[in-house]
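Join these two chains into a complex; the hints should help.
Respectively, the protein sequence lines represent chains A and B. Take any residue in the first sequence, count from 1 to its spot, add 925: that is its number in the numbering used here. Take any residue in the second sequence, count from 1 to its spot, add 198: that is its number in the numbering used here.
No lab work stands behind these hints: they were computed from the structure. Computed from a prediction, not measured in an experiment: that's the story for all the values here. Just to be clear, a hint being listed does not mean it is correct.
Okay, the calculated bits of chain B under chain A, using three or more residues with CB under 8 Å as the criterion [to be verified]:
{"hint": "1", "region": "328-334"}
{"hint": "2", "region": "385-391"}
{"hint": "3", "region": "440-449"}
Using 30 Å as the maximum straight-line C-alpha spacing, the simulated DSS-like pairs for lysine-lysine come out as follows [claimed, not checked]:
{"hint": "4", "chain 1": "A", "residue 1": "K1029", "chain 2": "B", "residue 2": "K395"}
{"hint": "5", "chain 1": "B", "residue 1": "K347", "chain 2": "A", "residue 2": "K1029"}
{"hint": "6", "chain 1": "B", "residue 1": "K347", "chain 2": "A", "residue 2": "K988"}
Glycine included, every Cβ here is placed at the ideal spot set by N, Cα and C.
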Amino acid sequence: MSDTANPPKAAFPFIKIDAGGRASLTAVRCKACGSWYAETHRLACARCGKREFETAEPTLTGKLHAASIVERGFPGTPTPFISAVVDLDDGPVLKGMLRGVACKPGEIPHGRRVKVVFDDALGRKDAEGNSYVSHFFEPA
Amino acid sequence: MSQDVYITGIEMLKFGRYPDRGPPQLGAEAALGALDEAGIAIADIQAMYAGSVFQSMIGQRILQQIGQTGIQVVNITNACATGAACVREGWIAIRSGEYDTVLCVGVEQTTGMGLLGGAKTGPIPTDGLLGSATMPSVFGEAGIEYAAKTGATIEDFAQVAVKNHHHSTMNPKAYLQKETPLDVVLNAEVIAWPVTKLMCSVNVDGAAACVLMSERKVKELGLMGQAIRIRGTALASDPWQERDPTMPDVNTVTRLAADKAYAMSGVEPGDIDLCELHDCFAPIELPHYENLRLCEDGAGVELLRSGATELGGRIPVNVSGGLLSKGHPIAATGIANLYELSLHLRGKAGDRQVAGAKIGMAHVVGLGTCSAVHILEKA
Chain A
926 MSDTANPPKA AFPFIKIDAG GRASLTAVRC KACGSWYAET HRLACARCGK
976 REFETAEPTL TGKLHAASIV ERGFPGTPTP FISAVVDLDD GPVLKGMLRG
1026 VACKPGEIPH GRRVKVVFDD ALGRKDAEGN SYVSHFFEPA
Chain B
199 MSQDVYITGI EMLKFGRYPD RGPPQLGAEA ALGALDEAGI AIADIQAMYA
249 GSVFQSMIGQ RILQQIGQTG IQVVNITNAC ATGAACVREG WIAIRSGEYD
299 TVLCVGVEQT TGMGLLGGAK TGPIPTDGLL GSATMPSVFG EAGIEYAAKT
349 GATIEDFAQV AVKNHHHSTM NPKAYLQKET PLDVVLNAEV IAWPVTKLMC
399 SVNVDGAAAC VLMSERKVKE LGLMGQAIRI RGTALASDPW QERDPTMPDV
449 NTVTRLAADK AYAMSGVEPG DIDLCELHDC FAPIELPHYE NLRLCEDGAG
499 VELLRSGATE LGGRIPVNVS GGLLSKGHPI AATGIANLYE LSLHLRGKAG
549 DRQVAGAKIG MAHVVGLGTC SAVHILEKA
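Isolated chain B (complex conformation) (with noise of 0.2 Å):
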């Protein structure tokens, strides 16, 4: 018998800087925020899966801020898809049987950290030699292809950016709450070109954390009322492609857990309502759209010249700031944009609601690659 899972708690701590405090007290501090949600304690959490990139035993390291119970911690690294793998694997222990209420936090702390994505070592320095594996050049490039493919604009790519940072003005937990007009865009300084600084998301600190639970456990506790269904999970790794992995490929691994996720979930593409997808470079939201079936194969710039990504449009797509200007504290992401699905499907999103959403899309991308994609709906 195979019972739907529930997250019945979730937070996520303001993305910015917390220069006096260390990754286990971030991820305390949003695991608390989960639990409190929940209505439950330490003390009844089962299991844990944690995720940071740049720490190790961060789950257990969180327990001994918040309540060193013995449970099975888990600890996870998967790029930029930590959080959403955690919670994809929290879903898998409680399906399992083994488990009614588990804890997913996500937490990283890259304030002051620059280019993330260091060039292979060797006898001799490779970056530049190899091209560059500098995140924006790798995403400058997807982006050059997708424009091959298109006839995407490098106006395009900073208009995905002006939409972005114009959403995260509504957002109080978004670190960037500032309009960037198409000319500032284009203009900002470039990293790689097609790639400009306000085209490239933000390191920050964050962290991110959730509770789910059975539907036996949400019944028993009474938390229906609040509880938000994962209709749908997926974590797909890069299949086979001939450029991959010397020009990483992010797009059929997107492909791939998108459809995973729909099959799953019996959603259609046209039911769902928001979406929140892996802007880490302005360029790449385009392809993600298809890649996402949020549009037809080639019409990705189509749809954002239409508005219809926009707050207000037919499917809003980082409404949260996205990436681009929430900031991307890259194990908390996953989880950050289920917060944010779970704050809209709750109608408590404030400014910047999507109105009557009832179904909403997550989506992530870790470069190396995996993507996971999660389908919420309002219990």
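Isolated chain A (complex conformation) (with noise of 0.2 Å):
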């Protein structure tokens, strides 16, 4: 790594990277009904329609709600990985890569406690060579 590298940039808008380059996950919740959205700006909420929203810092722990092993991806996907889509505990549902546990069926049971985590985003740069963190799902 050189001296001159940008630091990491977020790989979604709902990851904030402070100074100090730690990552946490931010997200939008209506006043009124308290819905949450892994977004940073928002003109209405898809429950209510209300229009009022609050930022907030939604948990890093959360379940297991379903979850799939993909055996074959996209193109420059490198397979096999674990499809996971996870209720925070108290935060916006969250779809992302389940690492950390073998990708057998025994190991995605619905219910099972996770966490987040925040890791380069699998070597991928952009265009001008920067470098991404992205989110990423491990037992608790």
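This is the structure in structure tokens:
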């Protein structure tokens, strides 16, 4: 790594990286009905239609709702991997890659406790050579 | 004064590979077949609703093949519900009183397209980082969600494929016409567990078309003997649900469309003699039994295991072979489902005829998400 390399960027709008390089989740919540959105800006709430939101930091823990073991993905994506839908304990529903467990059906029961971690986005870089930080799920 | 709307001509090309022909030619052939069955010419058509997910201006390009009459053409894309949406719009156009005779066409060429459903674009590829956006994975996850709720097993999912592949052996217009025993389905290549290759619908080329007419026109032309009455038609978009669209919810939207179609038709679930539902991936057929009210909530697995959804059972489902085996040329599928129902309602379905079929239900889901449900009856 060269000294002139730019600091890694967030791969998605719901990931925030502070000046010290620490990553966290960020989301918005409808002030009227409390619905979460893994976004930074919204015009209106898809559930109730109200237009006021607050920014909030979701928890980094949750449980696995559903998953699949992807053996054949789009070109360029290494397989196998576990595609996971996770209900955060207090936050929006997030989809991502579950790692740290074997790619076996017995490892992905509904309700399994997981945590959100942040790491380099599988070595993927943009056209300018910037690195990215993505979220991953691991067993809690 | 409202009038019923009828299908008086309907055609579906054999689903398969047509490397030497383009979507306009395929759509044109289906359209001509529908016109011929209705005994009318393109000059009699007052408006056209055409759909193709991967083509633009497909309606005009079809008319350039069969007759540029200057009529209103509306091109529709609604993912896998495109063809059904064309019929729905045609129905609305006739019910509005504006038209008496409308042509609906759905056509797609998907041969060689591989995994459908692109990952979101951004500065870097997001597939994997956001889980998988491939359709086998999305529907595998929907199956796992259902399994967690009901105890469905991977063998149940595979059995859906066994059933629908078996049905297609009796459908000369199906792409695949081959038995797939349970162990063959289970041992096929895993695409995205729990989905094996034989639990995935097939990318094929295909087209389907139908002529819709007002009651007045059907009577004027003396076509009531072959007419199929549209008793219910509904199209819904995904209502807010906690996980949707991160995890697309195809259940709530199906229930919404089904309940609207039932209410419009006055038909009860017990009146349905056969159902063509959106088995794009085998696991999802089971929750759709419940979503379409073919059984009580939670009883989908039991319905499958009882054999009720096989040909000869209480409520045969996907006797055409379904998307799994007949094939799934995206925009053609919705009208092809109506073609299948029409065959049965007219008693012309050959070896796979559902005996005494009077009322049929057709269902599609367009991921993103929408659902269309039609209820048809022999006039």
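Run through the hints listed earlier and report the numbers of any the structure violates, in increasing order. Nothing - there is no hint that the structure violates, so all of them hold.
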